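J.: In case you want the letters, here they are:
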Amino acid sequence: MDASQVAQVTEMMYALRNPAGVPTYPIIFIGLGVLTFALHILFVQLMLGTSAITLFGAFSQNFYWRRLGAAMLEIAKVSVSVAIVIGVAPLLFVQVVYDPHWYTSNVLSAQWVIGFIVILILAYWAMYFYYFQNSKNADKTVQPKSRWSMILSLILMLTVGFIMHSLTSAILHPELWKEWYMQNGVLDYSGSKLHAYNIWRFAFFISLAIPVTGGMLVTYRRFKSVREDADHDYLNWAADLGKKWIKVGSVISAILYVAWMMTLPETAGDFATSFWGIAGGIAVIFYALWAMIRLRGEARFCSYMALPMALVVGLVVAISREMLRYGILNDFFHYDFMDYKVVMDWYSTGLFFLTFAIVGGVVLSYFLTVAWKTGQTVGVYTPSATVDRLGTIAIWIVAIWMVQFFVVGFYIWAQ
Amino acid sequence: MDLISLYPTWYEPTVGSGWVVALIATFHVLASHTSVGAALLFAYLSHKAYREDREDLLDFVKKYGLFLLVFTYVAGSITGPGIWYSTTVASPNGIGALIHSFVWKWATEWVFFVIEVVGVYMIVYLVGRVDKKTHMKISVIFGLASLATMVIIVGILSFMMLPGKEQWFTEGGYLNGFYGTNTFIQLGMRVAFMFTMTAVVGGIVVAGIKDPAFKKEMARKLGWLGIISTLIGAAMFQWYLTSVPDQALLVMENRLPDYFIPSIVAVLAGTLAYFIITMLQPKTLVTGFAGFMSVTILVAGLWPEETARESMRKPWVAGQYVYSNQVIGRDVPGMSIKSQLPTIEKVGILKAHPFTPAELKEVNDQNMIQAGEFIAMVYCSNCHSPSKTGIRPLYRYFPDGITQERMEKYVKGVLTTGNIAYMPKMPMLDSEVKALSAYLVMNKEGGQDAVVAAIKQEVENRNRALAEKQAADKVAALTLPQEVK
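Order-wise, the sequence lines are chains A and B. The first sequence runs contiguously to residue 415 in the numbering used here. The second sequence runs contiguously to residue 485 in the numbering used here.
Hints are computed from structural coordinates only; laboratory data are not their basis. Any given hint could be a false lead.
[As the list claims (entries may be wrong)] Pairs of lysine-lysine residues, derived as DSS-like cross-links and limited to a Cα-Cα distance of at most 27 Å, are as follows:
hint : chain 1 : residue 1 : chain 2 : residue 2
1    : B       : Lys425    : A       : Lys224
2    : B       : Lys62     : A       : Lys145
3    : A       : Lys140    : B       : Lys434
4    : A       : Lys178    : B       : Lys63
5    : B       : Lys351    : A       : Lys178
6    : B       : Lys133    : A       : Lys373
[Said to hold, decoys possible] A short list of chain B residues far from chain A (calculated; beta carbon distances all over 12 Å):
hint : residue
7    : Ser86
8    : Glu217
9    : Gln238
10   : Glu306
11   : Glu373
12   : Phe374
Keep in mind it's a predicted model, so treat the numbers as computed, not measured. Using N, Cα and C, we set each Cβ at its ideal position, and we do this for glycine too.
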């Protein structure tokens with residue numbers, strides 16, 4: 001591309017920006033987008049990995065595998081929900097600062113965007129169908145029914161993953177948007193095509209499901225081992241499997257990462273050999289090394305660190321991914337999200353961070369404490385006085401939030 | 001810079017992109033309103049179960065919660081962002097206007113959304129696993145968090161109709177945009193109808209209760225909840241109509257389908273009758289009947305209500321400054337937003353649109369129909385389908401045998417001037433008027449097939465002309481050295 005062609009693309013991207021501007025500094029949206037993407041993709045990978053174990057267990061004759069498959073189905077169900085709910089955040093933030101790119105890529109593949117919604121619902125329902133077909137049977141070692149629905153669910157989940165991958169990839173090719181819109185002289189208003197993909201990049205993010213789920217298995221053993229009715233042979237088997245998955249999976253992911261870096265578009269310049277280009281791959285390998293050193297033997301503390309460490313690895317990868325986007329759009333196409341018009345709104349900015357930290361922090365602390373303790377208790381769990389008080393505080397905090405909503409609202413209304 | 005913030009157009013020929021958005025939104029409203037109402041109902045029932053030490057109430061919460069988890073939380077949590085997706089592809093500047101003004105409000109809702117999703121799993125799976133007091137506390141937090149998601153989104157929905165306060169246009173500010181008369185009345189109306197939906201959908205679970213006494217108790221509870229909320233909701237709807245702009249009432253009177261009012265009245269009467277019957281005779285409450293009522297409310301109640309709310313905003317799609325065809329049609333000094341109409345008046349829509357192909361920037365005989373189609377897609381297709389089906393098809397608006405000259409007069413005299421109250425002003429150069437008119441005449445007379453054939457011919461002609469020019473250039477290049485010699 002010559003300079004004038006690049007200039008035209010730059011002008012187009014800036015023209016597409018929303019004239020309303022953004023209500024705080026753009027870097028904050030990028031930061032939150034990276035953080036929440038790392039969380040989202042962690043649960044996507046957990047969902048894929050635990051679904052795969054459920055399927056393998058369903059077809060295996062080994063009783064341990066069947067038990068593990070049934071147990072991981074519970075994690076898969078919750079992981080889909082959490083992946084969806086957390087995925088809302090990066091979806092929100094990307095369209096704040098990269099709206100020209102996200103909206104264009106979506107409109108040009110509109111049918112797939114709508115299809116995403118339908119396919120994801122079907123995928124989730126297929127998983128629940130499998131669950132309801134087998135949940136009433138207390139014996140988790142018998143061959144499960146309706147295995148086809150779990151296969152269907154996993155295939156559909158991978159399909160929606162690919163759609164999202166393609167939409168994200170299209171963002172990186174503003175030079176091709178007009179070509180995609182008009183092909184052979186005829187405008188394509190149908191949005192029926194997925195225009196961009198990098199199979200290595202997609203495979204890399206999917207493959208991370210292996211080490212992440214390995215981390216889940218190690219955590220599962222540690223969490224269940226304190227129960228009075230724990231089957232230690234089975235749990236140790238699951239943890240050993242998890243350690244293997246971390247090691248082998250990290251190597252596979254690292255190879256795919258290198259393949260991705262080797263197939264970056266020319267517009268990425270020398271990103272593959274830059275600090276962040278290398279850091280993403282190193283982080284993945286680091287996870288295997290960490291597991292080899294810190295998860296040896298019982299690893300009572302570090303077993304609980306397996307998933308947080310996976311999140312840290314995911315965070316480094318998410319930063320690399322964001323730096324790649326910035327590198328292409330800013331360095332090559334001169335579109336800098338940092339110069340988005342800021343129409344500062346302190347109230348809504350402050351309200352979000354306070355809600356996030358105080359309401360989210362206290363309520364989720366209470367919820368997760370109760371869930372955690374219940375999972376480790378045989379029979380009915382009755383919280384300690386401290387946990388019970390935390391619940392009362394959580395109620396008050398949410399109630400106060402509601403009161404401030406109406407007090408501020410009526411004040412503004414009355415003015 | 002004469003480019004404005006217009007994206008490519010997505011054209012869905014069968015039902016139209018607007019209906020795709022409406023379908024997803026309606027489904028989401030049923031799922032989300034039922035969920036929020038049920039969350040508050042759970043808080044009440046869980047509290048009662050704790051006070052009176054009753055297992056049956058918690059069992060009901062578990063069953064209803066599991067039902068909701070599968071049918072409304074799964075579908076609701078996906079169709080929620082699904083509305084973003086569908087509006088992104090159907091109306092990118094409409095959703096963009098909301099996102100850029102209310103990103104933090106949505107982010108705040110997201111915090112409650114996370115609490116809600118974690119909460120629903122706990123409500124369902126911890127019945128019998130934690131003591132009743134703890135379950136009650138979780139239920140209360142869950143109910144409040146669910147309500148928080150509702151109160152937040154209503155402010156954004158209200159902004160779609162009009163900013164909370166008129167000062168928003170001159171002073172800007174999130175608070176001025178969010179809070180207003182319409183916000184609070186709409187909130188009251190939605191809260192009322194959400195309890196109606198909770199009561200109706202809850203009937204599916206009550207139908208499965210085996211114990212006649214308990215079934216009667218729950219049928220009565222849901223019946224009273226449904227009757228009171230339906231009556232309040234109906235009254236709030238009348239009040240709501242006083243809070244919308246006059247323009248919206250005009251659209252409502254003139255543009256809404258004839259079945260709208262009878263449909264709403266019938267569904268309200270039917271809902272009340274349903275609750276009275278099931279309260280008096282709980283044994284009539286069977287799964288099929290309750291399921292049928294849920295679908296009836298969705299089809300006959302929510303669908304007209306949600307589509308009416310969409311239609312009443314015309315010609316705007318967001319904040320009374322973004323037209324339904326994505327053009328910004330009004331200055332908003334408070335947000336430093338400039339109307340894009342002067343730019344279009346100056347250079348024309350084809351040069352102002354960033355995605356106009358180079359071949360169509362200037363209208364000529366070799367691109368007349370294709371340029372006309374491009375303009376129709378940009379200006380018209382959001383509200384009028386160029387196909388025979390879909391939303392308000394274009395061809396229906398013109399008489400048979402309409403001539404190019406008459407069409408040009410209509411386009412120039414009515415559309416470019418914005419003389420129809422509920423349609424945007426659509427500036428065009430004379431050449432663009434000619435192209436759009438040629439397209440509209442062809443669309444009317446020959447339909448989409450004729451348009452496709454004409455465009456194919458135009459493309460072939462352009463390609464042939466280009467090839468001839470390239471060949472001529474080649475010949476010139478070959479002959480030049482001889483001449484030099």
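J.: Hey, Lys351(B) versus Lys178(A), does the alpha-carbon distance stay inside 27 Å?
T.: OK: Lys351(B) and Lys178(A) at ~14 Å, within 27 Å.
J.: Over 12 Å to the closest beta carbon of chain A is the bar; see if Gln238(B) clears it.
T.: 20 Å, holds
J.: Does Glu373(B) sit more than 12 Å from chain A, CB to CB?
T.: 8 Å, violated
J.: Far enough from chain A: is every CB of that chain over 12 Å from the CB of Phe374(B)?
T.: 7 Å, violated
J.: Please work out if Lys178(A) and Lys63(B) have their alpha carbons no farther apart than 27 Å.
T.: 52 Å, violated
J.: Beyond 12 Å from chain A, beta-carbon-wise, is Glu217(B)?
T.: It holds; Glu217(B) is separated from chain A by about 25 Å at its closest Cβ, greater than 12 Å.
J.: Would the hint linking Lys62(B) and Lys145(A) be met if the CA-CA limit is 27 Å?
T.: Cα-Cα ~25 Å, so holds.
J.: In terms of Cβ atoms, is chain A entirely out of 12 Å range of Ser86(B)?
T.: Nearest chain A Cβ is 6 Å from Ser86(B), so the label is violated.
J.: Checking one constraint from the list: CA of Lys133(B) to CA of Lys373(A), max 27 Å. Satisfied?
T.: 16 Å, holds
J.: Does the structure keep Lys425(B) and Lys224(A) at a Cα separation of 27 Å or less?
T.: 66 Å, violated
J.: Does the no-contact call for Glu306(B) survive, Cβ to all of chain A over 12 Å?
T.: 17 Å, holds
J.: Has the given pair, Lys140(A) with Lys434(B), been kept, meaning a C-alpha gap of at most 27 Å?
T.: 72 Å, violated
Of the numbered hints given earlier, the model fails hints 1, 3, 4, 7, 11, 12; all others are met.
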